[in-house]
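Chemist: Sequence:
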Amino acid sequence: MAKYVGIKRDTTFPIIVGGNTLINFQKLLLFLLADKTEEEIKEAYDKIIKKEFDEEWYEHYAFLALMINHIETVARQQGLTVEEELTSEEPS
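Read in order, the letters of the sequence shown are residues 1089 to 1180 in the working numbering.
Calculated from the structure, these hints are not laboratory results.
This structure is a prediction, so every number in the text was calculated from the model and none was measured.
For each residue, glycine too, the CB sits at the ideal point set by N, CA and C.
Everything hinted at is true.
With a Cα cut of at most 25 Å, we get these calculated DMTMM-like pairs of lysine to aspartate or glutamate:
#1 Lys-1115 <-> Glu-1147
#2 Lys-1115 <-> Glu-1171
#3 Lys-1135 <-> Glu-1147
#4 Lys-1138 <-> Glu-1160
#5 Lys-1115 <-> Glu-1128
#6 Lys-1139 <-> Asp-1123
#7 Lys-1135 <-> Glu-1160
#8 Lys-1124 <-> Asp-1134
#9 Lys-1139 <-> Asp-1098
#10 Lys-1130 <-> Glu-1173
#11 Lys-1124 <-> Asp-1142
#12 Lys-1115 <-> Glu-1127
#13 Lys-1130 <-> Glu-1143
#14 Lys-1130 <-> Glu-1147
Cβ-Cβ distance ranges computed for the label pairs, FRET-style:
#15 His-1158 <-> Lys-1138: 16 to 26 Å
#16 Ala-1163 <-> Ala-1090: 36 to 46 Å
#17 Lys-1096 <-> Glu-1172: 31 to 41 Å
#18 Arg-1097 <-> Lys-1138: 16 to 26 Å
#19 Met-1089 <-> Lys-1130: 33 to 43 Å
#20 Glu-1127 <-> Glu-1147: 15 to 25 Å
#21 Thr-1125 <-> Ile-1156: 19 to 29 Å
#22 Glu-1131 <-> Ile-1156: 13 to 23 Å
All chains, full assembly: derive it from the sequences and hints.
Modeler: Printed below as a string of structure tokens:
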């Protein structure tokens, strides 16, 4: 049986996240949802609220949305946010 190194499920710890990490999470979420219709996304959201993960991508969507929201909330509380256009190009 293959082994891997993981983190204990019942533990928490702080991590330091840079602005580019948030941008990469946002891009990853857009990539995940790129082939989904507005109706599919709304249905997934409704299912996520009920903790019904009928399709695998629902769980990925929920995780990414949660991470993005948490990072944005902490950054906003610390006065670190700016509004920018999200593009696939790196800022100059």
